[in-house]
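Undergrad: These protein sequences, in sequence, are chains A and B. The first sequence begins at 9 in this note's numbering and counts up one residue at a time. The second sequence begins at 9 in this note's numbering and counts up one residue at a time.
Hints were generated in silico from the structure; no laboratory data involved. Ideal placement from N, C-alpha and C gives every residue a C-beta, glycine not left out. Heads up, some of the hints might be wrong.
Simulated restraints on C-beta separations [said to hold, decoys possible]:
| no. | chain 1 | residue 1 | chain 2 | residue 2 | range |
| --- | --- | --- | --- | --- | --- |
| 1 | A | R22 | B | L92 | 42 to 52 Å |
| 2 | A | F25 | B | D215 | 37 to 47 Å |
| 3 | B | D101 | A | E218 | 34 to 44 Å |
| 4 | B | D215 | A | E59 | 32 to 42 Å |
| 5 | A | R126 | B | L112 | 42 to 52 Å |
| 6 | A | E174 | B | F167 | 46 to 56 Å |
Here are some chain B residues pointing at chain A (derived, C-beta under 10 Å) [as the list claims (entries may be wrong)]:
| no. | residue |
| --- | --- |
| 7 | K33 |
| 8 | N35 |
| 9 | Y38 |
| 10 | K39 |
| 11 | Y53 |
| 12 | L56 |
| 13 | P64 |
| 14 | P69 |
| 15 | Y115 |
| 16 | V129 |
| 17 | P142 |
| 18 | E170 |
| 19 | K172 |
| 20 | L175 |
| 21 | L212 |
| 22 | W216 |
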Amino acid sequence: MSFSLSSLRRLDRRWIFLTVGLLVVVPLVTGFHIAPVLPGSRAKGFYDAVEHVPPGSTVLLAGDYDPGTIAENYPMHLAAVRHLMSRNIKIIAVELYPGGPPLADRVFHIAGEEFHKRERIDYVNLGFKSGNEVVMSQMGSSIPVTFPADRSGVPVGQIPVMKGIENFGQIALLVSISAGYPGTKEWVQQVVSRYHLPMVAGVTAVSAPEYYPYLQAGQLQGLLGGMAGAAEYEVLVGHPALATRGMDAQSLAHIFIAFMILLGNLAALPQRSSAGRK
Amino acid sequence: MHLSGEIGVWIAALLTLGIFSFLYKDNPAYKLCEHLFVGVSAGYYVVLTYYSVVKPNLLDPLFLGVKGHHDLLLVIPLLLGVLLFSRFFPKGDWLSRWSIALILGVYPALRITGFGQGDFVEQIHGTILPLWVPHDPATTIGNWILIVGLLTTLIFFFFSKEHKGALGGTARVGVYFLMVSFGASYGYTVMARISLLIGRVMFLLHDWLGVLHL
Chain A
9 MSFSLSSLRR LDRRWIFLTV GLLVVVPLVT GFHIAPVLPG SRAKGFYDAV
59 EHVPPGSTVL LAGDYDPGTI AENYPMHLAA VRHLMSRNIK IIAVELYPGG
109 PPLADRVFHI AGEEFHKRER IDYVNLGFKS GNEVVMSQMG SSIPVTFPAD
159 RSGVPVGQIP VMKGIENFGQ IALLVSISAG YPGTKEWVQQ VVSRYHLPMV
209 AGVTAVSAPE YYPYLQAGQL QGLLGGMAGA AEYEVLVGHP ALATRGMDAQ
259 SLAHIFIAFM ILLGNLAALP QRSSAGRK
Chain B
9 MHLSGEIGVW IAALLTLGIF SFLYKDNPAY KLCEHLFVGV SAGYYVVLTY
59 YSVVKPNLLD PLFLGVKGHH DLLLVIPLLL GVLLFSRFFP KGDWLSRWSI
109 ALILGVYPAL RITGFGQGDF VEQIHGTILP LWVPHDPATT IGNWILIVGL
159 LTTLIFFFFS KEHKGALGGT ARVGVYFLMV SFGASYGYTV MARISLLIGR
209 VMFLLHDWLG VLHL
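When you get a sec, could you build the whole thing from the sequences and use the hints?
TA: Given below as C-alpha cells:
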C-alpha cells in the first residue's frame, strides 16, 4: 500500500488532466445527472432584490467581464437580463471591461427577442468607458456627461430609456456582473457607500470569497458565486440554461479533485513522518 | 453531429485546441495562439478606446461641439494626454510627469475615500452584532463565530508582542480561522477553473461540433 501510494508522486500529471477532461466531457454528452440544483440564500437574495424593483423602474447593469470568464459570468448575465425584462424593468448597461460590450449586446439580443423588448426604448447599452473608479465617480455627477452616446454612437438625448436619467438618484438597483477589477468591489466602494444604492452582484468563483463581507454587512443584497451561483439563479428565474447544464460535470470534477487531494496527502504522509523523526 | 459552417467558430475552436495543447507540452501551436491573443487584444483595445472614450468624450465635444457649444476646457485633458507621449523622446520625457502626477493624485484619492467608506467604516459597522438573538440559536452561534474569528485573526496580525501565553493561544485560534478561509478560497478557485473548462468544452461540443444540444 505504502509503495503504491508513494508511486503516486511520480504520476505524470497529464493523466490527471485527461481524467478531469473526460469527467467534464462525458456528463455533458451523455446528460448524466447527479443531483438537482437547489438555490441557496445568496442567490435568493439576488432574486428577491430584483423582485422588489417596481416594474417601469430603471436598473443599472454593469457587465464588467470579458470572454476570459464567459463560462461563469455570461449565464448569470443572461439570467439577470431575462429576469429584469420579464418584470418590465428598464435597463441601462455599461461595461468597464473592453471585452464586455459585445457580450452585453449578445445577452440583450437573446433576451430582447424572447420578451419582445426594443433597444433604446426598453434597454440601452452605453458600452465601454476606460477610467475605472473615475467613471463610477463621474456617473454619480452625471451619467449623460460620462456616456454622451450609446455603443452605436446615438446621443443619449435621443434615447427614450435615458429620458430623465441624470445620475444614480434615478436608478432603482445596481446589478454588477463582475470578473475582478474594476468590478463589484469598486462599485460598492464608489457607489453603494456614497449614494446608498441597493446592489446585487454576480461574480467569478475565484473572487467570490472577497465579497462575502459585503453581503454580511448588507452592502450587497445578493451574491452569485461562479457557475454554481449562476445555476441557482437560473433555477429561481425558471429558465435553467448553460450553468445548470454544466453543474453535473462540475460536481464530478470536484469529487475527483477532492479524491486526488486526499490521495496526495496520504502519499506524502510517510515522507512527513520521516522528516519529523529526523 | 452538425459541424459549424461559420469560419469564426472554426478559428475560435482551433485556437482553443491550440491553447489546450499546452497541457501535453509546450509547442509552436500554443505559442502562435498566445502571440495572436496578445496582438489582437492590444489592437482591439486601442480601437475601442478611441471610439468609446477619446472621440465621444474629448474630440467631438471639443472640435465638433454639442448643440453648438464647444467645451474649451477639454483642451486641458487633451494637452495632458498628448504630454504622455513625450516618453517616446528621451530629451522631453520629463513633460509626461505632469500627466502622471495628476493620475497619481486622483487615483489614490478616489481609492482611499472609497476604501474608507466602503470597507473600513461599513465593515466595522457590520461586525457590531447582538451576541444573543432570542429564539434564533443559529444566528446567535453565527454571530459568536464571526466576532471570535474577527478578534482572534486581528490578534494574529498583532506583531508588537511575542505570541506567547494567552496572546499566543488566541493567535493560534486566529490561524485556524485563516486556514478555513484559505480552504474556502481554494475550493472556489477550483470551481472557477473547472467552470472555464466546462465553458470551452460546451463551445467545442455545441457551437463547433454540434453534438451537444443546450
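Undergrad: So, for every hint listed, does it hold in this structure?
TA: The hints, checked one at a time:
1. Between R22 (chain A) and L92 (chain B) the CB atoms are about 46 Å apart, so this pair conforms to the stated range of 42 to 52 Å.
2. Taking 37 to 47 Å as the suggested C-beta distance range, the pair F25 (chain A) and D215 (chain B) does not conform, at roughly 23 Å.
3. Separation of D101 (chain B) from E218 (chain A) is about 38 Å and conforms to the stated range, judged on CB atoms against 34 to 44 Å.
4. Take D215 (chain B) and E59 (chain A): their Cβ atoms lie about 33 Å apart, and the range 32 to 42 Å holds.
5. Separated by about 44 Å at the C-beta atoms, R126 (chain A) and L112 (chain B) satisfy the suggested range of 42 to 52 Å.
6. Under the hint 46 to 56 Å, the C-beta atoms of E174 (chain A) and F167 (chain B), about 49 Å apart, fit the expected range.
7. A hinted interface residue such as K33 (chain B) counts as satisfied when its beta carbon comes closer than 10 Å to some beta carbon of chain A; here the least separation is about 9 Å, so the hint holds.
8. The beta carbon of N35 (chain B) is not positioned within 10 Å of any beta carbon in chain A (closest approach about 13 Å), and the interface hint is therefore violated.
9. Because the closest C-beta pair between Y38 (chain B) and chain A is about 14 Å apart, greater than 10 Å, the hint is violated.
10. Among the interface hints, the one on K39 (chain B) is violated; its C-beta lies about 19 Å from the nearest C-beta in chain A, farther than the 10 Å criterion.
11. Satisfaction of the interface hint for Y53 (chain B) is found here, the shortest Cβ-Cβ separation to chain A being roughly 5 Å, below the 10 Å cut-off.
12. Of the supplied interface hints, the one on L56 (chain B) holds, with its beta-carbon coming within about 5 Å of a beta-carbon of chain A, less than 10 Å.
13. Satisfaction of the interface hint for P64 (chain B) is found here, the shortest Cβ-Cβ separation to chain A being roughly 5 Å, below the 10 Å cut-off.
14. Taken as an interface hint, P69 (chain B) checks out: its beta carbon lies about 7 Å from the nearest beta carbon of chain A, inside 10 Å.
15. Restraint check, Y115 (chain B) versus chain A: the minimum CB separation of about 7 Å is within 10 Å; hint holds.
16. With its C-beta approaching chain A no nearer than about 8 Å, V129 (chain B) sits inside the 10 Å limit, and its interface hint holds.
17. The closest approach between the C-beta of P142 (chain B) and any C-beta of chain A is roughly 21 Å, which is over the 10 Å cut-off, so the hint fails.
18. Contact between E170 (chain B) and chain A, as hinted, is not supported at the beta carbon level, the nearest pair being about 25 Å apart and thus beyond 10 Å.
19. Nearest Cβ of chain A to the Cβ of K172 (chain B): about 23 Å, over the 10 Å cut. The hint is violated.
20. The interface hint given for L175 (chain B) is broken, as the beta carbon of that residue sits about 25 Å from the closest beta carbon of chain A, more than 10 Å.
21. The closest approach between the C-beta of L212 (chain B) and any C-beta of chain A is roughly 9 Å, which is under the 10 Å cut-off, so the hint is satisfied.
22. Annotation: interface hint on W216 (chain B) violated; nearest CB of chain A at approximately 13 Å, more than 10 Å.
Going down the numbered hints, you'll see the structure goes against 2, 8, 9, 10, 17, 18, 19, 20 and 22, while the others check out.
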